Amino acid sequence: MEALSMSWLVMGVSLCVVLVVLIALCALGFGYRRQQSELRVLRELLMNVGAIIERLEREKAEFFAGLRAEKAHAAQLRRKLELLNR
Numbered sequence: 185m186e187a188l189s190m191s192w193l194v195m196g197v198s199l200c201v202v203l204v205v206l207i208a209l210c211a212l213g214f215g216y217r218r219q220q221s222e223l224r225v226l227r228e229l230l231m232n233v234g235a236i237i238e239r240l241e242r243e244k245a246e247f248f249a250g251l252r253a254e255k256a257h258a259a260q261l262r263r264k265l266e267l268l269n270r
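The sequence shown lines up with residues 185 to 270 when you count with my numbering.
What the hints contain is simulated information worked out from the structure, not anything from laboratory work.
One or more of the hints may lead you astray.
Stated by the list, open to error - Derived CB-CB ranges, DEER-like:
#, residue 1, residue 2, range
1, 270, 236, 31 to 39 angstroms
2, 237, 217, 27 to 35 angstroms
3, 243, 263, 24 to 32 angstroms
4, 232, 265, 42 to 50 angstroms
5, 246, 219, 50 to 58 angstroms
6, 264, 231, 29 to 37 angstroms
Small disclaimer: the values here were computed from a predicted structure and weren't measured.
Backbone N, C-alpha and C define an ideal beta-carbon position, used for all residues, glycine too.
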């Protein structure tokens with residue numbers, strides 16, 4: 185009789201351990217899903233930031249090209265002014 189009670193006790197404890205492990209796995213699964221969705225959002229943000237950086241780099245190159253052209257034009261006007269002043 186005592187052996188039968190002991191086997192039921194072992195089965196009950198084992199069942200409790202299995203339930204605790206299942207609950208822990210479910211909690212980990214929910215955490216994993218949440219992290220995946222957050223990672224997706226962060227990837228989208230990173231891609232948007234990358235696109236903004238590329239646009240700003242293109243604008244910077246365009247501005248510097250315009251600045252070079254303006255400097256060249258100013259130098260040309262200075263030379264013309266020097267020729268006119270002679």
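Hints, verified against the model:
no., hint, in the structure
1, 270 with 236: 31 to 39 angstroms, "violated, 51 angstroms"
2, 237 with 217: 27 to 35 angstroms, "holds, 31 angstroms"
3, 243 with 263: 24 to 32 angstroms, "holds, 31 angstroms"
4, 232 with 265: 42 to 50 angstroms, "holds, 49 angstroms"
5, 246 with 219: 50 to 58 angstroms, "violated, 40 angstroms"
6, 264 with 231: 29 to 37 angstroms, "violated, 50 angstroms"
Consistency with the previously given hints fails for numbers 1, 5, 6, ordered from lowest to highest.
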